[in-house]
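Engineer: Sequence:
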Amino acid sequence: MSWTDERVELLKKMWGEGQSASQIAKELGGVTRNAVIGKVHRLGLSNRTTGAAKPAAEAKEKPATKAAPKAAPKPAAAQPKTEPARPAATAEAAPAAETRPATMPARKQIIPAGQPLPPQPSANEISPEALAKVNEIEKKAKKLTLMELTERTCKWPVGDPATDDFWFCGLPVQQGKPYCEAHVGVAFQPMSARRDRKR
DNA sequence: CCCTGATTCGC
DNA sequence: GCGAATCAGG
Numbered sequence: 001m002s003w004t005d006e007r008v009e010l011l012k013k014m015w016g017e018g019q020s021a022s023q024i025a026k027e028l029g030g031v032t033r034n035a036v037i038g039k040v041h042r043l044g045l046s047n048r049t050t051g052a053a054k055p056a057a058e059a060k061e062k063p064a065t066k067a068a069p070k071a072a073p074k075p076a077a078a079q080p081k082t083e084p085a086r087p088a089a090t091a092e093a094a095p096a097a098e099t100r101p102a103t104m105p106a107r108k109q110i111i112p113a114g115q116p117l118p119p120q121p122s123a124n125e126i127s128p129e130a131l132a133k134v135n136e137i138e139k140k141a142k143k144l145t146l147m148e149l150t151e152r153t154c155k156w157p158v159g160d161p162a163t164d165d166f167w168f169c170g171l172p173v174q175q176g177k178p179y180c181e182a183h184v185g186v187a188f189q190p191m192s193a194r195r196d197r198k199r
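With the first letter of the first sequence counted as 1, position 26 gets the number 26 in full-length UniProt numbering; the numbers rise by one all the way through.
Source of the hints: derived by calculation from the structure; they are not laboratory data. Treat the hints loosely; a few may be bogus.
Simulated pairs of lysine to any residue, SDA-like, Cα-Cα distance not exceeding 25 Å [what the hints assert, rightly or not]:
1) K12 / G44
2) K12 / L28
3) K26 / A130
4) K140 / E129
5) K133 / W167
6) K142 / R152
7) K142 / D164
8) K142 / A130
Generate coordinates for the entire structure from the input sequences, incorporating the hints supplied.
Structural biologist: Spelled out as structure tokens, the structure:
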């Protein structure tokens, strides 16, 4: 297929609406998102970000191709190192995060007085928001059974495995993680107070 | 691994 | 001009 006026028009329209290239491509049909992106660039409407950033300052960068767009210094960044908490997806031990009132003691913070003291950058415990989020989304949970889980469904167990009131979240997982966004939030604590229960 | 846009370059 | 392949980021 080719870029007829109509198709270009639709492209412009959708792009302007903030649709993703893949969505546009799907709508148009017969083209890939790459084609769309390529066209977008050729049309010169790359920057969707409203105001801006088109300084027009163009450095003539055409050093005969052989230049080095490749130079990629990779400063090894230190990994935060998170530690998986709780749930063993096997029907055995549930996190019971929500069966619990989840009353986060949230340690008292002594504020030096004077400074606004913005949100702690070094959050340790599970943030209250995260818990709230979990309680939120669990209402929308797919409530899948063990067999229904796939590689892209949140495997966070909910409820008591001993009862029939037990299911897995089942919402779309976050990237590589085994859990959805909300559950990732509570599952991966920044190597914190892992109070190991004496058992 | 899923997605996003950006860029390159043979066609 | 076109867009697959690739790159780079989330």
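Engineer: Report the numbers of all earlier hints that the structure fails to satisfy, in ascending order.
Structural biologist: 3
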